[in-house]
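Colleague: Guided by the hints, dock chain S onto chain W, whose structure is given.
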Amino acid sequence: MGEFKVHRVRFFNYVPSGIRCVAYNNQSNRLAVSRTDGTVEIYNLSANYFQEKVGCEDGSVKLFQITPDKIQFERNFDRQKSRILSLSWHPAGTHIAAGSIDYISVFDVKSGSAIHKMLVDRQYMGVSKRKCIIWGVAFLSDGTVISVDSAGKVQFWDSATGTLVKNHLIANADVQSIAISDQEDSFVVGTAEGTVFHFQLVSVTSSSSEKQWVRTKPFQHHTHDVRAVAHSPIALISGGTDTHLVIRPLMEKVEVKNYDAALRKITFPHRRLVSCAKKKQLLLFQFAHHLELWRLGSTVATGKNGDTLPLSKNADHLLHLKTKGPENIICSCISPCGSWIAYSTASRFFLYRLNYEHDNINLQRVSKMPAFLRSALQILFSEDSTKLFVASNQGSVHVIRLLEGSFKHLHTFQPQSGTVESMCLLAVSPDGNWLAASGTSAGVHVYNVKQLKLHCTVPAYNFPVTALAIAPNTNNLVIAHSDQQVFEYSIPDKQYTQWSRTIQKQGFHHLWLQRDTPITHISFHPKRPMHILLHDAYMFCIIDKSLPLPNDKTLLYNPLPPTNESDIIRRRTAHAFKISKKYKPLLFMDLLDERTLVAVERPLDDIIAQLPPPIKKKKFGT
Amino acid sequence: MAALEERFTLTAVPLGSGPDGPLGVEQSDKTDQFLVTDSGRTVILYKVSDQKPLGSWSVKQGQIITCPAVCNFQTGEYIVVHDNKVLRIWNNEDVNLDKVFKATLSTEVYRIHSIQGTEPLVLFKEGAVRGLEALLAEPQQKIETVISDEEVIKWTKFFMVFRHPVLIFITEKHGNYFAYVQKFNSRILSKYTLLLGQEEKSVTQSFSASVDRKFISLMSLSSDGCVYETLIPIHPSDPEKNQRVVRSLLLKSVVSGSARSGVALTILDHDHVAVLGPPLSASKECLSIWNTKFQTLQTSKELPQGTSGQLWYHGENLFMLHGKFLTVIPYKCEVSSLAGALGKLKHSQDPDIHAMTHFVNWETSQGYGLGSQNSEQSKRILRRRKIEVSVQPEVPPSTQLLAAVQKDSEKHIEVELRKFLAVKRTPDFHTIIGDVVIGLLGRYKAEPSFYPRNCLIQLIQTCVLSYSLCPGLMEFALEKTDVQILQLCLQQFPDIPESVTCACLKIFLSIGDDSLQETDINMESVSDYTATIQDAEIEEQTEILQNGFSPEEENCENCAQELIEKPPAATEESTSCPVTGKRAALLNAILHSAYSETFLLPHLKDIPAQHITIFLQYLYFLYLKCSENATMTLPGIHPPTLNQIMDWICLLLDANFTVVVMIPEAKRLLLSLYKFVKSQISICSELNKIEVSFRELQKLNQEKTNRELYSIEVLELF
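Heads up: the sequence lines are chains W and S, in that order.
Take 1 as the starting number for the first sequence in full-length UniProt numbering and just add one per residue.
Take 1 as the starting number for the second sequence in full-length UniProt numbering and just add one per residue.
Treat the hints as calculated values from the structure; they're not laboratory data.
Quantities reported herein were computed from a predicted structural model and do not represent experimental measurements.
For every residue, glycine included, the Cβ atom is placed at its ideal position computed from N, Cα and C.
The reader is advised that the hints may include incorrect statements.
What the hints assert, rightly or not - Straight-line alpha carbon distances no greater than 30 angstroms define the calculated DSBU-like cross-link-like pairs of lysine-lysine that follow: (1) K616(W) <-> K675(S); (2) K131(W) <-> K689(S); (3) K689(S) <-> K617(W).
Claimed, not checked - Listed below are several chain W residues computed to face chain S (Cβ distance under 10 angstroms; list not exhaustive): (4) G2; (5) E3; (6) F4; (7) R8; (8) L296; (9) D307; (10) N558; (11) R571; (12) R572; (13) I579; (14) A599; (15) D605; (16) K616.
In isolation and in its complexed conformation, chain W is listed as follows (with noise of 0.2 angstroms):
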């Protein structure tokens, strides 16, 4: 399969945002997550827990009151004195449960008065605390209002009577947030200590119809605090300070032991947030803010499997590049010549001109923008970086020809009529005949660059895509989907290829199809034709299309090292899928020239440290 040389990349700095809101929603099965930093993100629960699309609003957290024509909060409800924290509406409409300090309104929403005032003690393990502030509370259907609280306490209320009926003190930290579940059979909590509680109705005795609320599981998968929980009907959802969104499957809901019911940890974005020029040896990598270019270093020693080689010359911080404004970046890309860098926010496109002399950089804005490119969501440079294709959000596709410092509108692709879906991902062939861009659901759209006109539409298939890539010569394109399947589609053929149906025939390998993260880039070695290169975050694979498909029976990731000669004969000849997992997590991977990858890794222990650190147990004396 040949050796090659890795930069093994640790120098970006990406920190993705804690989680403050999710939201789950039960008709669509899809999860939209919203971060400090301002983004929301939807996931698809459906596809493999695919995170479908990415939107930076404003990038400030707007309050919004919502309130029906005959309602308006200053006039009708009467005035709290404090902060009103955490809102519940009652399932049908008629009261509103009010989170407060140190108290819990409930209003009648005819009326507009608050009917009950309940006051939440202070004590805290028997010790008065300045405020009790109630983060989170849930009104059922029944009249019971569950509130939670910074003394760590679960406490049930009668709304009709104002009464506490039940209390758990579950934490020595603030409980933070609470979902129920639909049947208000089940809810789950976050608390400050990282920790997440399931709650259950469950019956007195087997016999008896009377059933109580039971705190049943505890789990303890994060580590800062959980300022987030949502109950889908099979899977509690939490995420928090430590950005990592974990869907956590109830056992007892799952009907079908698959993949599905395990649990999952989402840390990393389904996208890429780094591009790279190959020939200049430059990585782009892209921030909520800002933007760094870096050079890489070179070596001029060699070496066998597993050596690192001494550095000739160490990787370079070029260039940092603020935006203008509280947006945050969305996409952003690096020309394969390096000469050029796009990147759009929610409202602006801006493109830069990169003038290299020796050691010095001259960065020159292109000015003058047209107003049709007011936001992109996938920004792409042709090979030859004569062009640059711009997904807008309004589902066309720009074409715009690049001459030096200045450029020319050449075409829009109009959406398919009657399609309003945006385009997210972008391929182009090397030699810039072909452009492929997908939708979330919607089919791979194939243009023809030369004539200006939609060549073909690769069918429709049930999960979204997550990555693209045309490959040179051929031009077959390369698709990979959140279900882990991979297609390959001749564009010239307008049809699958023979070896995309012989491994659809066949199926992939069960632990291929069990991976639980997307692929998220997909690229070819430049002389040898059968090699597709692919990675997701735990792995980076090469598929030898002229080697056997592997099946259940064979070892798929073998992590020994070869023993003797014909081992390694064996092995390289065993089957197509030839997978490393040395480096990860792994952001980006691409092959620079043969012989020389670049791989991006991000070691969540780097995460950790930039994180606030976590509440802290006392480990002695409790």
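Modeller: Okay, now just chain S, sitting in the frame of chain W:
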């Protein structure tokens, strides 16, 4: 709630019966198997769960079955009467009814009754009753006439009341109804005239009866569509006199008043009856379940093809003829209550120790559970060539055990108990165990010589008991100062009231060492740390501080110095246990028990000061032992935890502080305890400080091991 389940048809082929329907459906000796007697010539044995017949027997052409076949539960044989006078007895292996045992009787038979636990009874059409044994001994014996001319038996039922069989039959003469109650223990026949009350015109169409301890509750479905209840005393005040009983309206208009035929009534349980018939005059026939307590219709099922107006209820199954097919509707009913219906069924625990709990109702258990025990074995030798194994009547072991508790010797109870524990546990296992314990205690109260200690221990060790299941048990053990039972109870029961826990503690502290020596106490929680008692040492200490309250000792620093000056005593105190091993095991059981501080504190104040001191000494000793290792645990299988020890120290000091500071030896103990706790706190705070520095070191270490931010490596893929 009562519920009718999906019905199913028992026979694929229609019964050969005429419009009158089958003669009867009777239980056989095996559960789930029923004898169906056709009004023609056939008896079929069905297995209901399989919906298939297991056997079928017919009488010869020309003969006709006149009385439904029953099973003799004592022998497992089947009995049928054909042509009014000919009795046939056979069993499963017989093929031809013509060749089985036959007895021709002198008088016409109305019904044969057979229920679990007693021999079958034959009721003759003239009202006379005979046991089967007696009848078969002399089949041609003369049968007397009991009822008057033109009086016809309409309905009959056979019960067991307190192990004694009772037969009731209803007769009719010129529109008047009479009830006869025949008791077999006293051979008394009582006659009652059933008065109809105001509704003169109505004709009673169906009867059903249930029995409790004093009354037979006779329910009747009248032609006006209402259900009436008549209570007939089992023990009449004057059996000779003809008495009158009045019926009272129970349910109004359950079936259409105009329905001429096809109405039937069956009592299902205390509160539920099943009624077969059209609810409205125009509507089709329905099977309805009514709750008599709340007068509500619980559920109903339409039977569009019509019925024969007969309804049988056996073991959760309702049998009826629907169209031409015998149909079975399984019936389920959970105990209902108003609270349950409203969704609030709270078990409020009575704080009074002597009050009975909701779980146990010994009276009802007697009434309903003990009815069918100790049947006398049938004396009749089987009239068959093949030797049959006599079938033991199926008396559940729990019933046998409960009966044994009341009268048998201790040895015998033990045997029964072992038998009971050996069988598979039923869902009501824990209530039965509770019943047994209460039974044993009740008997002990009646005859104080009876002390079933081994049984009680065995029962406690089933791990299903709780304090509320057998409220008297711990009081009994306290009275007997039986520390072994108390220890077991403390280990097993999750719900001991604090007052009882404290009473146990008092006994554990006050009981003499000699009496402890003889008892068999579980020493699991105590490992070798409780070596020897150090009475002498305590004596010695009191001498040292005999004045108790010397002014210098008010200063703590001085005390500390004093302590340091007397190292031998201090070290001795910390290394040897102040109580014996057995007492330590008992005290550990107290430490493990659950309690609520508010309820425990007042009781702790009642413990004498010297006992408090001993207990404190023991707790202090445990605390020192705990602190000897890093994990802060004690050795042994189930030792008290540090938290339990600390909680109890605090509790004792809270409750008795003023007393403790006044006693010299206790005061000394307090001082050393104070010093020790203080040192522990400072150690912990130091450790917490060190932990932070260690974490920094660890971080530094990690960074060192972490590779560079950038490197170029060689990778070879195979």
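Colleague: Which constraints among the numbered hints does this structure fail? Numbers only, ascending.
Modeller: none
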